[in-house]
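Going down the list, the sequences are from chains A and B. Residue 1 is where the first sequence starts when you use full-length UniProt numbering, and the numbers rise one by one after that. Residue 1 is where the second sequence starts when you use full-length UniProt numbering, and the numbers rise one by one after that.
In short, the hints are calculated from the structure, not lab data. Check before you lean on any hint, since a few could be wrong.
Claimed, not checked - Once the Cα atoms are required to be at most 30 Å apart in a straight line, the calculated DSS-like pairs of lysine-lysine come out as: (1) B:78 with B:26; (2) A:193 with A:329; (3) B:81 with B:26; (4) B:81 with A:477; (5) B:81 with A:257.
Residue strings, one per chain:
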Amino acid sequence: MADPPSPPIDLPSSPPRPQRSRRKRTRLAFQLDDSTPSDPPLFSSDPPDPSVDNYFSPRRKRQYKGTWWGPEPESDEAHNSGVDQTSKSEFARNLDSGVFMSDSTEDSLSSDGPTIPNAFEGLQRVPHGNGGLSNNRNNSTRLSTSSMSSEERMAREVIQQCLDNESEIVDLSGWHLETLPDDIFQPLNSLIKQPRFLDSGNSPKDFDFHPLQPSLQLFLSGNSLRSLPMSMYNLENVSVLSLRNNNLESLSPHLHKLHNLVELNIANNGLRTLPWELLSLLRSPKLRTLTVLPNPLLKPFAYETFLHGYDNQQFAHLNDIQAMQNMVKNIKTYMEEEEENTQVDRRQPLTWLLHLHLRYMEAFLAIDGNMDMNHEPTFMASTPVTHFNMDGSFTQDPRQPPPPSHLPGNIEILPAILGGSPSPCSTSRATCVPSLLELATLSASTVPQLPHLSDLLPEDAPEPVLRVLEEACRARKEGGRLCSVCGRNYIVRRTEWVEYWHLPPKVGGRSSREEMFWPFLRRGCSVGCVPDFGARNTGL
Amino acid sequence: MAEKEPSNKSEYVTLVSNDGFEFVIKRSCANIAGTIERMLNPDHNFAEAVSGKCHFENINGVILEKVCEYLYYHEKNKDQKDVPDMEIPAELCLEVLMAADYLSV
Numbered sequence: 001m002a003d004p005p006s007p008p009i010d011l012p013s014s015p016p017r018p019q020r021s022r023r024k025r026t027r028l029a030f031q032l033d034d035s036t037p038s039d040p041p042l043f044s045s046d047p048p049d050p051s052v053d054n055y056f057s058p059r060r061k062r063q064y065k066g067t068w069w070g071p072e073p074e075s076d077e078a079h080n081s082g083v084d085q086t087s088k089s090e091f092a093r094n095l096d097s098g099v100f101m102s103d104s105t106e107d108s109l110s111s112d113g114p115t116i117p118n119a120f121e122g123l124q125r126v127p128h129g130n131g132g133l134s135n136n137r138n139n140s141t142r143l144s145t146s147s148m149s150s151e152e153r154m155a156r157e158v159i160q161q162c163l164d165n166e167s168e169i170v171d172l173s174g175w176h177l178e179t180l181p182d183d184i185f186q187p188l189n190s191l192i193k194q195p196r197f198l199d200s201g202n203s204p205k206d207f208d209f210h211p212l213q214p215s216l217q218l219f220l221s222g223n224s225l226r227s228l229p230m231s232m233y234n235l236e237n238v239s240v241l242s243l244r245n246n247n248l249e250s251l252s253p254h255l256h257k258l259h260n261l262v263e264l265n266i267a268n269n270g271l272r273t274l275p276w277e278l279l280s281l282l283r284s285p286k287l288r289t290l291t292v293l294p295n296p297l298l299k300p301f302a303y304e305t306f307l308h309g310y311d312n313q314q315f316a317h318l319n320d321i322q323a324m325q326n327m328v329k330n331i332k333t334y335m336e337e338e339e340e341n342t343q344v345d346r347r348q349p350l351t352w353l354l355h356l357h358l359r360y361m362e363a364f365l366a367i368d369g370n371m372d373m374n375h376e377p378t379f380m381a382s383t384p385v386t387h388f389n390m391d392g393s394f395t396q397d398p399r400q401p402p403p404p405s406h407l408p409g410n411i412e413i414l415p416a417i418l419g420g421s422p423s424p425c426s427t428s429r430a431t432c433v434p435s436l437l438e439l440a441t442l443s444a445s446t447v448p449q450l451p452h453l454s455d456l457l458p459e460d461a462p463e464p465v466l467r468v469l470e471e472a473c474r475a476r477k478e479g480g481r482l483c484s485v486c487g488r489n490y491i492v493r494r495t496e497w498v499e500y501w502h503l504p505p506k507v508g509g510r511s512s513r514e515e516m517f518w519p520f521l522r523r524g525c526s527v528g529c530v531p532d533f534g535a536r537n538t539g540l
Numbered sequence: 001m002a003e004k005e006p007s008n009k010s011e012y013v014t015l016v017s018n019d020g021f022e023f024v025i026k027r028s029c030a031n032i033a034g035t036i037e038r039m040l041n042p043d044h045n046f047a048e049a050v051s052g053k054c055h056f057e058n059i060n061g062v063i064l065e066k067v068c069e070y071l072y073y074h075e076k077n078k079d080q081k082d083v084p085d086m087e088i089p090a091e092l093c094l095e096v097l098m099a100a101d102y103l104s105v
C-alpha cells in the first residue's frame, strides 16, 4: 500500500546560496580540470590570498581552524562574514593536495557557514526550553520582526526585558492586544533568580535566603484577548494571573496546570462557565484569591428568589455546630412558610441551602470541627447530560437538553437537579469504548501534517469526516483534550454537562449571593463517560 | 463455519472487501456498526440479510481487517470502565476515518 503523498508544507527550505555556489563550482571544476596537473608548490609561509590571480596558493583545507569535533569556529566566522564566504568559495579550489576531494565534502566544508544559521532559523519556530543563548534569542527576535504586529513586538520586548532584569512582574495590561502568539511566554520559563548576597560581598543575612524559584506575576488585563497562548499554561511558576477585562468566552482546562497560583482574576470577561478542571486548583490551599464576577455565569435559578438577606458571607460565619443547627432550623421554617406562598417559587433555593448546610454539618461532625474546611468546594447539583453524535454534532431532540457550551446568549438560568440526575440516554448503548471514528481521528492527530490531511481526502468526502479533522486541528491548538471522567485523550466530545459547586467564601473573594454556586463545565469522551453520582461523596 | 448458510439467523456473518477478502465475524460484533446492522436486519429487506454476506465496494481488505479488529475490540470492552487503547497506524487513519463514517461505527 502506498504511503499518502506528502502534502506541500512549509518546511524550512535549504538556503539558496550554497546551491548556487555549488553549481558555479561544478562549472569551474570543468574549466580548471585540465589546468591542474598535480600538486602545486605549497609552503606554510604562503600568505592566504583568496583571489583569482593566485588561486594556487591558498589551501582550502586550512580555512578550517578548529577542533575536529566542533565546527563552531568556522561557523562563527562564516556567520559574521557570510558574503565573504561565498565569494571565497567561488575562487578557491581545492587543487592542491593530490587527493581528490569530492564535491560533497568540499560542499559540506564551505557551506557550513551559511547553513548553520539557517538551520537555527528553522529551529527557532519550534518552542524550545532553554532560550538561554543570547545569540539564539537575538536570532528569533530578528527573524520574527517581519511578520509581527507592533503590539506583538512590544510584548516580546517586555518579556525580554523581564528576563534581562530578572523581573518577576510581566505587565502586558491595557495594550488592546487581540491575540498573542502561542510561544510568546516560552522564554519566561528560563527566568532565573540570582542569589542576592552575591552582589553585596557581605556574608548572607537570614532574609537573603529566599527561594530562588521565581514567582511570576502575569498581568494581561485590559486587552481584547479571545484566547490565551498555549505557552502560558506551561509557566508553572506563575503566582498571580490577571485576565481581567478581556473577551474570553471560555477558559482552557489546562489552566489547572498553574498549580502555584495564589491569585487569579478572571473578572469582566464573557465567561458562561468555568472549566471543571479548575476545581483542582480551587482545592489547593495555595490559591488565596479568586475573582470571577462580573461575568455572565450560568445560574441554577434566579437569585432574586433567594432567601432575603442570605449571602455567602453569612455562611462563612457558621463556624460551630450550634450555629449550623440553628440555620438549618431557620431554613426549614422558611420552607414551611413558602409552601403556603405560591406566588414565587422560592422552594428550590431553599432546598439547595438546606442541602448545603446538611452536607457541611456532616463534614463538620466527621472531622470533629477541627479542620479548616473552608477550602473544600462542595458539589451541589448537575444539569442533565447532553449527548453528542459521533462526529461531535448535536441533533435537536426534545428529550435532550441543549449543549451548555453553545447556549444562546439570553439564557442565564440553567436548571440543575440537586445531587445529580441520571442520564436521559438509554443506558444499553452507554459504553466507554471510543468509536472507530474517534480512534481514527486520534491516530490522524498524531500526524504532523494534520492541517493538510483534509486535502488528501477525495472531493466528495463526507462532512462528518471533515468535521472531525477540523476538530482535531482545534484540539491540537488547545494543547490536547483530556476526558474529565476517564482521563483519556480525546478529540470529539460525546457528553457535556454543567455541575454547580459551592465555593467557600474564603476562596470566592467578594461574597454575595451570586457567588454561592458556580457553574463548572464538564466533558466526557465517550457515551459512557457520564457523571457517576454514586461515587460523588468520596471525592473525584 | 456457517458463512455459506443462507439463514439469517446464523451466528456468523461475512464481510467482503472490494478486493475480495472475506472476513467471517460474529453477528453480535457486526451489529455494533450501525450500517451493517441495518444491512443485516431482515425487516429492511436487503439482500445481505438473506445471504448473511455484506459486500463493501468502497473498503479494501486492509481497512476492513482493521474494522473487524475494532468490532471485536468494542465487543470485548463494551462493559468495561477502563478500556485499553486500540492503535490505528497513522498511514491508515484517513481510510479508516472514511470507512468508520460509512459504517457509522
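Margin query: Please list, smallest to largest, the hint numbers that this structure does not respect.
Written below: As far as the earlier hints go, only 2 is violated by this structure.
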